[in-house]
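**Student:** Here is what each chain is made of, one letter per residue.
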Amino acid sequence: MAAVDKDLIRQLVDGTISRDNARQLIRMARKDHERFWNYLEVLQARVAWRDRILLRLNDHLYIVAKTGGGRVVKCDCGHEFGDYRTNWKTAALINVRRTHDEFAQVYSPAPACPEPEWQEIREFYCPDCQAQLAVEVVPPGYPLVHEMLPDLDRFYREFMGRPLPDESPDWYVDRTQDTTRAWHAAAR
Amino acid sequence: MATIEEKVLEQGAGRRSLEQMFEERDRLTRESGHYYGITELSLRDADPLKFERFYSRLHTCVLAAREVARYVAASPGGREMGESLWALTTAEGDSLALSLGFFSHTAAFPVAVRYMATEKYDDNPGIDDADVFCTDDGLTGGAPHPGDTYCYVPIVVQGEIIAWAVGLNHIMEAGAPVAGSWPGFCVDTFMDGFVFPPMKTGTKLKQATWWDNLWKRRTRAGTMNILDDKMRLAGCAMVHKGVHEIVHEFGLPYFKRAVREVIEESRRMVMDNIKALMIPGTYTGVAFRVAKYGDMQKIWAQADRDNLIHIRQELSVDGKGRMAADLEGSSRWGQHAFNGYPGGADCSLYLAMTNTFSHNTKVTAGINLTVTSHYPKGCIYNPDNDFASFANIWAQSMAMNSVGFYSINRALFSRGYLEEAFATDGDWDGVQGAGELADGTPYGFTNFEYVGGVASGAFCYRDGEPVTWAEWTQLCNIGNAEEFEYLIPTMFYLGRKTLPGFCGHGKFRGGLGQTSVHWIVDPGRHLGMSRGGAGTAMTTFTATGMSGGYPAPNCFHVTARGTNLQELIDNGGHTPRDAMEVIEYAADGRLKVDKLEVWKYDPPELQMKHNDLWSNATGAAGGWGDPIERPASLALQDLNEGSMKPAFVAALYGVIATQNAAGEWELDAPATAARRAAIRLARKDAKPAAQWWQEERERVVRREFITPIADMYRGSASFPKFDREFRGFWQLPADFQI
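In order, the protein sequences belong to chains V and S. The first sequence begins at 61 in this note's numbering and counts up one residue at a time. The second sequence begins at -5 in this note's numbering and counts up one residue at a time.
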């Protein structure tokens, strides 16, 4: 399958792609394998920093390889959230909505609002640029949801055929509870 | 010297019992890692054109069955909408070819056939060519809920079962205490209605008379249900005839080998697709659903409690292109209507999987061999009590499917296949009930309209759209209002439209949900109405939004009982067209209402009278991205189309607009920039996660939860995986008990 033009990828990223072109892409029987590399090129050209993008997590966040070693979650504004094996939400700003009035600012009409006490709305912001990066609507006390922990070494080696230079079995381990353990220790 | 084709055809001869077939299938698949030990696609490679022609013939049988059978005899749900499927399976129930319709029900087939094998149905009652078997049971038949009814016709050649023709559809009424096709408020399976394990109901493609009589006596829509029964069997008869012709043309040895190659070929293709589209790793998705039974179950005191159902799915992708969905941590089963059994749970789980990974290959059991599920014993998807109700697993398992779908779409986004990445929701709603006409005629009904279609979620590059999506079928269609009006003679439409503002918001918003207002006219002696449906507005459809967008809001209902509607109509006044207008009309006095109720949870069966109103709002979809990044042009379009209210747009999206002389909304660019800057500035006041964690942990330690939430945590933490997650995240001591 021929690689999709980078201009189209830019239009997808920008949200300016036409309906016809988007539909053509959806109808591809087999996706273009090169898309990932072209996508990374398009994304890399848009950020002001030089750390190599390994994976895009959402509209603003990327896993990047630090030049001095390590892989961290980084916002397009440049803010770093730390090691990608730890849920990046533990390094975000968190706004919690708990009352019906607070819910009604983000849900409408009023009967469609979640129920206070049963649910709270958590909004996660970048500490530097304040972009809203994620929303959780969960009962009080629910652990932060680690939406995605990629097995990057396996992806680059076995799916894409270009192994990463710093492969290690330790990369595919969830470290989130190391952070909460440290917070707990600090509080005692 | 024998050709390759002749050599492979020599294999597999001999007559075996159904149980022996399963033993061989399981052993060879397990030992070889390939379906039925098929390591080489010898027939396909020897003569690919013949192989494809063979499959095309199989596929044509099931496609034709659907297009013809639903016009032979069917209820409106069966005829007009996507609520049906015909299939051809192997002797072991592994899918070979599917019609259009709700394809993921293939997960139920091996459950029913394996049950018949284990129970030695070949000996008693016997399985002969053109027999008819039916089931709608979750435990033994793999059915998601009693409304989904399956017909199996064995295809026997030379004394051996070689395949099954299967037809299924969602019937109009299930015969439970709460009328409709999704029995509500069930405490155990004895309240699920007319539930039957796989049973022989006919021979020689003809149902027994007693079978028709059971439908008449044990359900409230006997006529409709018998029509659907005939529809299912008519399609199966076509498939049965077609397959016999194919066996005659291609020969039995070819058929038996080729069907296994078909499944093995598609299994490989699915794995290839997973490697081509996914990122290996672990994805976690979560959703919640309320079952509010408190103060409503006075007869069955053990069920008189409120429940918060927890759906937690960890989806893992390995390096070989296999996926595993682990539901450990989801709620324990409960004394409510929303449990299911593994076959029915898989019918939901495989919706996302089939959609995404079988789109360019033969849709067969290959997907079921590649994506596996784990439902620990005791959980809501695998009760450790065989009498648990499974009346409406769809009320929560659509969210279970959606969180898996979200996980897939996160991976597609990360790989750059943005055109496929969207918020996948499916908050369906069906109005159901039973009544007795003025002449004493009893009846039962389901209005399927919002089972037929809901809004699509936001993509990462555009808004979602209303009524264009149904994750349980390719045939999104809410049906004709007139069809439901003649079917349900006491309900007429006053309105059927989208509801402004009703969506998950974001940089790109979800499609608006839809709303109807049903006017009750001459209900006769009695009319009881309730609903079957996915979420209720007390929770959102999923718990996690996409990339800073808000998850979809769930369904709510408004009922107005004791109105002066007739007076309003007689005076030529306007009547309410959607759920919010019912509330507004009642509030400002345009409509006089004795009892106005807004239901953010499932209403019990309500007694409805002449001129009462029943209104629902459902089918909203989730957003994508930060709302203050929404292109102002889209926000203005929302205002000019009446899809949003100006104050809401200003507050959430930070878009300030003014109306010109022509009444059109125009952007106030400086005010918008200032408003968005102010929103961003206000976000700085949010707490650093570490501070939030310390404060929140104190609440957890003090167990500051309402009872249903504490119950939910206790139930989920009875499974070790969630106990580790909860205890570890909050750093709780080993002796801490919720």
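Read the hints as simulated data drawn from the structure, not as lab findings. One thing to keep in mind: the hints can contain errors.
Said to hold, decoys possible - Cβ pair distances, simulated, as ranges:
id	chain 1	residue 1	chain 2	residue 2	range
1	S	Thr54	V	Pro229	49 to 57 Å
2	S	Pro640	V	Asp226	46 to 54 Å
3	S	Gln14	V	Asp80	30 to 38 Å
4	S	Arg490	V	Asp226	52 to 60 Å
5	S	Pro727	V	Arg158	23 to 31 Å
6	S	Gln152	V	Glu227	54 to 62 Å
7	V	Arg90	S	Leu57	39 to 47 Å
8	V	Glu227	S	Glu25	27 to 35 Å
9	V	Val107	S	Asp312	27 to 35 Å
10	V	Arg158	S	Arg490	32 to 40 Å
11	S	Glu113	V	Glu227	30 to 38 Å
12	S	Glu591	V	Arg106	28 to 36 Å
13	V	Ala242	S	Glu698	20 to 28 Å
Unchecked claim - The calculated DSBU-like cross-link candidates involving lysine-lysine, where the alpha carbons are at most 35 Å apart (straight line), are:
id	chain 1	residue 1	chain 2	residue 2
14	V	Lys66	S	Lys356
15	S	Lys314	S	Lys371
16	V	Lys126	S	Lys210
17	V	Lys126	S	Lys200
18	V	Lys66	S	Lys235
19	S	Lys292	S	Lys314
All residues carry an ideal CB built from backbone N, CA and C; glycine is no exception.
**Student:** Compare the structure with each hint and give your call.
**Tutor:** Structure-based check of all given hints:
{"no.": "1", "hint": "S:Thr54 to V:Pro229: 49 to 57 Å", "result": "holds, 50 Å"}
{"no.": "2", "hint": "S:Pro640 to V:Asp226: 46 to 54 Å", "result": "holds, 52 Å"}
{"no.": "3", "hint": "S:Gln14 to V:Asp80: 30 to 38 Å", "result": "violated, 55 Å"}
{"no.": "4", "hint": "S:Arg490 to V:Asp226: 52 to 60 Å", "result": "holds, 58 Å"}
{"no.": "5", "hint": "S:Pro727 to V:Arg158: 23 to 31 Å", "result": "holds, 27 Å"}
{"no.": "6", "hint": "S:Gln152 to V:Glu227: 54 to 62 Å", "result": "holds, 56 Å"}
{"no.": "7", "hint": "V:Arg90 to S:Leu57: 39 to 47 Å", "result": "violated, 24 Å"}
{"no.": "8", "hint": "V:Glu227 to S:Glu25: 27 to 35 Å", "result": "holds, 32 Å"}
{"no.": "9", "hint": "V:Val107 to S:Asp312: 27 to 35 Å", "result": "holds, 31 Å"}
{"no.": "10", "hint": "V:Arg158 to S:Arg490: 32 to 40 Å", "result": "holds, 35 Å"}
{"no.": "11", "hint": "S:Glu113 to V:Glu227: 30 to 38 Å", "result": "violated, 52 Å"}
{"no.": "12", "hint": "S:Glu591 to V:Arg106: 28 to 36 Å", "result": "violated, 52 Å"}
{"no.": "13", "hint": "V:Ala242 to S:Glu698: 20 to 28 Å", "result": "holds, 24 Å"}
{"no.": "14", "hint": "V:Lys66 to S:Lys356", "result": "holds, 32 Å"}
{"no.": "15", "hint": "S:Lys314 to S:Lys371", "result": "holds, 28 Å"}
{"no.": "16", "hint": "V:Lys126 to S:Lys210", "result": "violated, 71 Å"}
{"no.": "17", "hint": "V:Lys126 to S:Lys200", "result": "violated, 71 Å"}
{"no.": "18", "hint": "V:Lys66 to S:Lys235", "result": "violated, 52 Å"}
{"no.": "19", "hint": "S:Lys292 to S:Lys314", "result": "violated, 53 Å"}
Hint check: violations occur at hints 3, 7, 11, 12, 16, 17, 18, 19; the rest are consistent with the structure.
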